[in-house]
Amino acid sequence: MKPVNIKTLFSVPSLLNIVGIAIAIAAFYVLVSIADFELTFNKSTPQHQNIYQLCYSMEGGQLTNSNMRPLPEALGRALPSVERYGCITAGANNNMYVKQQGSYHQIEMMYLQCSKSLLDVFGFQIVEGDTSKLINSQQMVMSRKMAEKYNLNVGDYVKSDLQNSEEIEIVAIYETMETNTEFGRIGGFRCLGDYNLDNPTEWSYTYYMRFVDGTPKPEFDSNMKEMLRNLVKTFYKDIEEVSEEEIDNEIGQFELEFVALDDLHLHSEINGYHPRGDKSLTYTLIILAVFVIVIAFINYFNFFMARVPQRLRSVNTRKVLGSSRGDLIAGIVGESVIFTLVAMILAAAILFGIMPYVLDGKVDMDSIVYSNYKALTITILTAIAASILTSIYPAIHITSIPPAMALKGQMTQSHDSIIRYLLIGLQVAASVALIICSIFIDRNNDYLRNRDIGFNTDNLLSTWATKKLAENRETVRTSLLQNPDIIDIAWTSQDLVSAGRMTWGRPNLENTEETFYYSVCPVSWNFIDFMGIKMTDGRGFVESDEQCENGAIIFNETARKAFKLTTESRIQGHINDKCVLAGFCNDFNFRPLQYGISNFAFYIFGKETWGWTLRKLYIRTAEGADVQKSIDYINKTLISIDPDFEIQNNEIRTYEKEIAQQYQAEKQVEAVVTIFTVIAIIISVMGIFGIVLFDTERRRKEIGIRKVNGATIAEILTMFNRKFLILTVICSAIAIPLAYIIISAYFSRFTYHYDINIWPFVIGVILSMITTSLVVTGASFRAANENPVDTLKSE
Amino acid sequence: MINVSNLTKVFRTDEVETIALDSASFEIKDGEFVAIMGPSGCGKSTLLNILGLLDNPTEGKYILFGTDVSDFKEKDRTQYRKGNLGFVFQSFNLIDELNVYENIELPLTYLKVSASERKKRVDEILHRMNIAHRAKHYPQQLSGGQQQRVAIARAVVTNPKLILADEPTGNLDSTNGREVMELLCELNHAGTTIVMVTHSPKDAAKAQRIINLFDGKIVSDVKNQL
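Chains A and B, in that order, give the protein sequences.
The letter at position 438 of the first sequence is residue 438 when you use this note's numbering, and the numbering goes up by one with no holes.
The letter at position 212 of the second sequence is residue 212 when you use this note's numbering, and the numbering goes up by one with no holes.
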């Protein structure tokens, strides 16, 4: 059998189908690539199955990967099954300056500090230089990609702080890791050396341990607990006088957990540094990929079924002339595969020509999509399998009809039509559910940005200051306040709303068996007042607190209740002594709204700052002040105090922009889900359009008869619309619970979220009905307007 | 009832201009049975379409029921057609997806006749046409003659003043053809005006008047000796 009648490819329904399948194949490939990128994260790391990150449980069951150095080091030495262990500092840095043409310039590179042994844990492949020269923070290793990008070689020097004369030597260059690995986006590692190796109070290190191949997943069982107890006893005996009771108490609060490197990326419960993925987004994308391809091939199936009556005569004529049924089926399936191959060529054009613009930088096409041959193979095989599956039933069906009946045209289509409309119903249900979910996600993002989170966000600007600026706060204040558009400034050590925070565990000085765990935010004395956070008790911070001996603290109400505190309570601060308890403040959302409000404290270090400087500068401008002019003034002023502020190139941004960054992942989810939802809806709409077009073509005579018998154009259009609108309403009954389940699962990630109410459902259904109506009207308009004389004449 | 003068219809394509109807003028009175005859392509169906308000003339005047309908727009033609005109085609033009009852009911639904009234009128016409036992059947299940009876039933269910029949016996054998013509004659006797296009002199002989067309022109308009 001649496989493809070329003419059929150029009819409007055929072209719609080819375009629909091409879009679906392109979208499927992108979605599968992203999901594969996430699901295979770290899988290219040598011995990835033997590497674990050392975490421990915090209050509320959350895990943190921030450790002190001494204990994990001791554990690594003591556990016989640990082959290698090493650590990184819990936080990437991007201040790196390279000397070019006599002066330093900042380069775009994220780097970490690590112990030398970390390179062994992850099997870094050194291509040049010698890692044995890694001794302290004055040496580093750099990825080949970065070294080539900035023309750096072994023996060259870089700087991490322009105000510090210390230079860092590049002692080795390593082969760049795959992008979807733990350190794939890290450009280099500065050596940590022995820094804090004996300090049990600095919990800023993330440890990785590589176990001997074949070791089962390590558990923190009673044996390991006993081992840890002995280690701590030995360790503390060497450092300070700590009672056995205190050690037992400390050990009792430890719940170590080894998180496999393979699971780390999508482990949303870990607080602290790790390249965080989003499990729900990954699975959402897989579901969307399946949706898109199923919707497209439903169109394809419908298209095939709709052509059955047209093809009956030719197929059965061939049968009569001696063609076997097998040959006929093979011919029809072959045609379907060729049809899909044509769509694949178009999909390639869409992938390279249109998709990068549609995704607009939201997906790294080069490293995630174009290089993923596994996803490409899956896509090609899925498309071919789908084309065979969707054509095999029509092929069997069309060849099963007795030639005598088929050639006489004695065929009813009722059975085929039911299948077609059922499948369209599935598409419509999926589209309605996707529309409803998109509305909810959009509303939720709006809610996250605009919810009252307990402090004054009006006219707020912020930036990261240089060390020099942070050390000259009074000069900065005086200079900025000279502009009447600037009302006040205040300092803190990090973004006021941030997912990752420093957490302290401090003993209750009135009952040393009890330890208080809480998040801490070091601030300047005026910060609470500046932010409009209300004090509920106590005096609040005063300027002289910045000169106190043992630090000053203000807890939020949640912590006050949890710890049963009063203004008379004795609390330990950063020094091993009672600090000033300056009072209690109202609860506010100090972390993004995925998280609830937990125990929290503002802190002033006083005289002994632990080396901390408050480098986050918040500025309040006057109501109605020109934002851009204020930003320009602040920039100019800060540069005049410290010219390095310009080199460091830290952005002065509005609060809206700062908070938007906190919800970047959610925004990304919204953008990606919306884009692919729109694609799914477009394909679905194309399917409905195609089927209505086919239907109207088939029913031209009927339309003519109805018009002759008094039907108006509006009545003809209503007739076509009625069927599809009823279908949309019926499908909405399936789509609404489906959307409810999906959106409930999505919202379960948020402690605070947009209420699930009726309106997005109503709007979703109405939007779907309007879309359906427009599509059906568009597709049937020409047929409805035809002069019945023309349609009836051809009979 | 019908008054046409200098009715002309020209079909234009990019290359060709075809005069399908050339300055036709005649009058048809209430209750007349007129047959239009002529060779294929002479303009019979074009004239019938214009008379049936399915098409507009290119030139000339067409007065139907005292109203000049020559320049009616599609919407006006549809409105004017409703309930006033009934059509019978050579190929029956029944809707395959609707059964006999639903096919006959169709023009009444577009006239917004109430459901109870529709039922009454359809039942009545089913009995009158002697096809009540076929009410639930679909067109494919009927013989040609039965299908044409249904088509006639559908044409008369609204009690139109004028029935336009385009070769109503063209697809039928002689027995069924005779029965259909008898039906049309009955309707005419009951007062309905009928305009019928036919190739068959035998069928035309049943009409009271025969208009002959040739190349779009009326070449004769004679009363029939019944």
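In case anyone wonders, no lab produced these hints; they're calculated from the structure.
Here the structure is a predicted model, which means the values were calculated and not measured.
The beta-carbon is built from N, C-alpha and C at its ideal position, and this holds for glycine as well.
Don't take every hint at face value.
[Claimed, not checked] Calculated lysine-lysine pairs in the BS3-like style (CA-CA distance at most 27 Å, straight line):
1) B/Lys75 / A/Lys723
2) B/Lys29 / A/Lys723
3) B/Lys75 / A/Lys701
4) A/Lys362 / A/Lys667
5) A/Lys701 / B/Lys161
6) B/Lys61 / B/Lys120
7) B/Lys223 / A/Lys723
8) A/Lys468 / A/Lys657
9) A/Lys723 / B/Lys82
10) B/Lys206 / A/Lys701
11) A/Lys145 / A/Lys374
12) A/Lys217 / A/Lys43
13) A/Lys159 / A/Lys133
14) A/Lys534 / A/Lys578
15) B/Lys119 / B/Lys73
16) A/Lys701 / B/Lys112
17) A/Lys43 / A/Lys319
18) B/Lys206 / B/Lys223
19) B/Lys29 / A/Lys701
20) A/Lys468 / A/Lys159
21) A/Lys159 / A/Lys43
22) B/Lys119 / A/Lys723
23) B/Lys29 / B/Lys161
24) A/Lys701 / B/Lys119
25) A/Lys701 / B/Lys223
[Claimed, not checked] A short list of chain A residues far from chain B (calculated; beta carbon distances all over 12 Å):
26) His267
27) Leu341
28) Asn586
29) Arg699
30) Asn787
31) Leu792
(message) Of the numbered hints stated earlier in the document, which are not met by this structure?
(response) Of the numbered hints given earlier, those the structure breaks are 2, 6, 7, 10, 15, 17, 19, 21, 25, 29, 30 and 31, listed in rising order.
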